[in-house]
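Peer 1: With the sequences and hints as input, model every part of the structure.
First to last, the protein sequences are chains A and B.
Terminal number for the first sequence in my numbering: 412, no gaps in between.
Terminal number for the second sequence in my numbering: 1412, no gaps in between.
Each hint should be verified, as a subset may be incorrect.
[Stated by the list, open to error] One-sided excerpt, in silico: chain B residues whose CB lies under 8 Å from chain A:
#1 R1019
#2 E1032
#3 A1035
#4 E1078
#5 P1292
[Claimed, not checked] Pair by pair, the computed Cβ-Cβ distance ranges are:
#6 B/P1250 with A/R111: 26 to 32 Å
#7 B/G1329 with A/V56: 23 to 29 Å
#8 A/E106 with B/I1023: 36 to 42 Å
#9 B/E1078 with A/G360: 34 to 40 Å
#10 A/A362 with B/F1108: 19 to 25 Å
#11 A/A133 with B/K1175: 49 to 55 Å
#12 A/V311 with B/T1025: 38 to 44 Å
[To be verified] With a cut-off of at most 35 Å between alpha-carbon atoms, the simulated DSBU-like pairs for lysine-lysine come out as follows:
#13 A/K363 with B/K1268
#14 A/K364 with A/K385
#15 A/K364 with B/K1268
#16 B/K1268 with A/K268
No wet-lab data here; the hints were simulated from the structure.
These numbers were taken from a predicted model, which means no experiment stands behind them.
Backbone N, C-alpha and C define an ideal beta-carbon position, used for all residues, glycine too.
Spelled out from the first residue to the last, the chains are:
There are 2 protein chains.
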Amino acid sequence: MGPDPVLLETISTGDELVRGRSIDTNAPFIAERAARIGVLRFRHTCVGDDPAALAVAFREAAGRADVVIVTGGLGPTEDDCTRRAAADALGAELKFDEAVFAAMGERFRSRGIAMPARNRVQAFFPAGSEILANAPGTAAGFRIEIGGASLFFLSGVPREMEVMFAEHVFPALKKMRGAGYTGAYRAVSTFGESEATVDEILEEIQRRENLSIGLTALLGRIRVTVQTTGPGAADRADAAEAEIRGLLEPFVLEAGTLERSVAALLAKRNLTLATAESCTGGLVGSLLTGVPGISAHYLGGVVSYANSAKVSLLGVPEAMLAEHGAVSGPVARTMAEGVRRALGADLGVSVTGVAGPGGGTAKKPVGTVHFAVAGPDGVRTLYRKLPGDREFVRRFSANIALDLVRRSLRKP
Amino acid sequence: MGPDPVLLETISTGDELVRGRSIDTNAPFIAERAARIGVLRFRHTCVGDDPAALAVAFREAAGRADVVIVTGGLGPTEDDCTRRAAADALGAELKFDEAVFAAMGERFRSRGIAMPARNRVQAFFPAGSEILANAPGTAAGFRIEIGGASLFFLSGVPREMEVMFAEHVFPALKKMRGAGYTGAYRAVSTFGESEATVDEILEEIQRRENLSIGLTALLGRIRVTVQTTGPGAADRADAAEAEIRGLLEPFVLEAGTLERSVAALLAKRNLTLATAESCTGGLVGSLLTGVPGISAHYLGGVVSYANSAKVSLLGVPEAMLAEHGAVSGPVARTMAEGVRRALGADLGVSVTGVAGPGGGTAKKPVGTVHFAVAGPDGVRTLYRKLPGDREFVRRFSANIALDLVRRSLRKP
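Peer 2: What follows is the structure in structure tokens.
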């Protein structure tokens, strides 16, 4: 077995976070980056701008963890009390650092701005700290040791935090993890089976020793992660990944997400795609165009939200809309064929459904969605009755449409 | 002054959260909703799927808070150990609940699916629990009392958590907050000014006693919140809100978000809109169609990702593309006019830009975006050079396009 794992905790500070006025992206970023090198966070805490509560939280975390990464509260305003709380937790005084203060002044001068007097507080650090430079920002961070644990204090501004993490924390984590570290991490994503079914299929593999399997479900996509440590970790992880891929075929995504999988398959087969969207209103297109480089294979599409747009831009006959309704198999089919023709694409995919909350009927309740994919060999349609509210129906529908394209591209 | 404040803590559970594989939206949602009725969260903790660590976290939180809201770990898989940990924290046994089990069976039957055997664990709850129904999902939650604190256990699936929170937790929080409570909460959203500028404009108002002003910035939208308690809170909050609206005009949004503001203004003026999107790839349409009831005013649009789509569907001349390039004012103008005409809409809006990471040139670097809005009175164009990566440029561009429509609709 390898050395003991490094125990990592994070603490996010700030009233705006703890009171729910803004969302913390720093702590998940840190956890994800650390996990990549096998350092698994086991606890995260968020505390407001209260020096006493912060000092207690710092001491508690130092008692549990090897490394504590604190973000936020280094600004110049009165709320920013992380320095004070860190000094209290350490039982040290705050000391003024001339060099940091001079660098701050230089920074303001170079931008042609006078440094506000209140920024001076940002040059104070707990006595004995190691100062951590903040290249993109004003607020330097610091590192202190409490009872054998290393506490890193970083800026709460995500862009600054990311640079400080990369420069000061990541190398330290790698070093602590030790040369003898042997952990391995793999991930497999699937679409088309429920979480419970995937869990059942992987039941035996989840029971094995020294193999940690995790499942995360989001809008039909199930992400399976594999973690293991000790001698032979990489081989064990590779074997487990291959076994999981085999067990979950044909649901395994080619490239992590549905849109990236579609992009990869379009590139591989050198084909082009166009989209015709009704209830998803552009969501399929926006997912696809989120993938860099997709412009070589995604031509564009039509958002045919009103029936008039289905008629004028996609050639859906008025009579068909009257007979079957806009949410129907024949209309989905004609939309897919129409957009394929209009954009001169190899494949056309369509979605038309009742997302709710209004618009549902006894025959076509909210959640009724029809899909079609049209290609040189004809059209394939799909009907689904989805649970959930408007946003869920729309997002799940976009994923199902992408999966329909993916499956048609996987066929030889 | 009113009664003592209710002390709220949240705990999110799950290896996928603590190890950074997915982002927790539940805890911020709860904090924000509770803050609206004056219940301010003072601490949040995230712990992995470890029954012993969870039981300790539940007991610690019960020792600090009046209300603890726990999300996640109620699923049927082996990872899901919240029930076990809650029973341990309470010092109680897990007891099988016939009624919950019967309801689960009924739910599966109605969808024509056999209930997997392992779902049976979801009918076990700590003895003495109050069961909390989960209308949209399988996993019921529960409420227990430890040392005077109420602990609510909710599903970790956001859609289910939101319904359970509204049904079971929110009324309880209101009750605990007490009849003598006098807090008030208001929010104003703006678009078009930087956070620093808004902060400066509101500098004086932020210094006032018994008025807590918060700012949150997301993709150009700045949300300003006002909180106050004590006698006259509602009047004081109303006055502050009116003052803030006055100070921030004309940047104040009509309805919280840009897409809802556009929808409200379209409805008010009884006009229709069509979209022509290039780099945003359908994002503007998907934001608009996320607003219930928009179908009366948003007709649809064209995602003209490839140049051929700009020519065939929007009537952009090949010569114009050759002379000015796809990312240019003239093309943006022609796209807006073209989509307005193609869909027979009152207004057409367009976006064309370089989202990156590829495609940038010295003259048109990544982040160059052109916009236009066409209406009966002519066309207005807008050029912006945006910072940030592909996703940021795309999302910010979609907001700017919506704001362009909003401003043209606000004109008398």
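Peer 1: The structure should be examined with respect to each hint, and the outcome stated for every one.
Peer 2: Hint-by-hint comparison with the structure:
Hint on B/R1019 holds. Least Cβ distance to chain A is approximately 5 Å, under the 8 Å limit. Look at B/E1032: its Cβ gets to within about 4 Å of chain A, closer than 8 Å, so that hint holds up. Among the interface hints, the one on B/A1035 holds; its C-beta lies about 5 Å from the nearest C-beta in chain A, closer than the 8 Å criterion. Below 8 Å, beta-carbon pairs count as interface contacts, and B/E1078 has one with chain A at about 6 Å; its hint therefore holds.
Hint status for B/P1292 relative to chain A: holds, with the closest Cβ pair at about 6 Å, below 8 Å. As the Cβ distance of B/P1250 to A/R111 is approximately 29 Å, the hint placing it in 26 to 32 Å holds. In this structure the supplied range 23 to 29 Å is violated for B/G1329 paired with A/V56, their Cβ-Cβ distance being about 58 Å. Judged by the Cβ atoms, the range 36 to 42 Å given for A/E106 and B/I1023 holds: they are separated by roughly 37 Å.
For B/E1078 and A/G360, the Cβ-Cβ distance of about 38 Å falls inside the hinted range of 34 to 40 Å, so the restraint holds. For A/A362 and B/F1108, the hinted distance range of 19 to 25 Å is satisfied, since their beta carbons lie about 23 Å from each other. Taken as a hint, the range 49 to 55 Å holds for the pair A/A133 and B/K1175, whose Cβ atoms sit roughly 51 Å apart. The hint said 38 to 44 Å for the Cβ distance between A/V311 and B/T1025, and at roughly 39 Å that hint holds.
For a cut-off of 35 Å, the pair hint linking A/K363 to B/K1268 stands: about 32 Å separates their Cα positions. Between A/K364 and A/K385 the CA atoms are separated by roughly 9 Å; this keeps the pair inside 35 Å, and the hint holds. Taking the CA atoms of A/K364 and B/K1268, the gap is near 30 Å; set against the 35 Å cutoff, the hint holds. For the given pair, B/K1268 sits about 49 Å from A/K268 by alpha-carbon distance, which is inconsistent with the 35 Å threshold.
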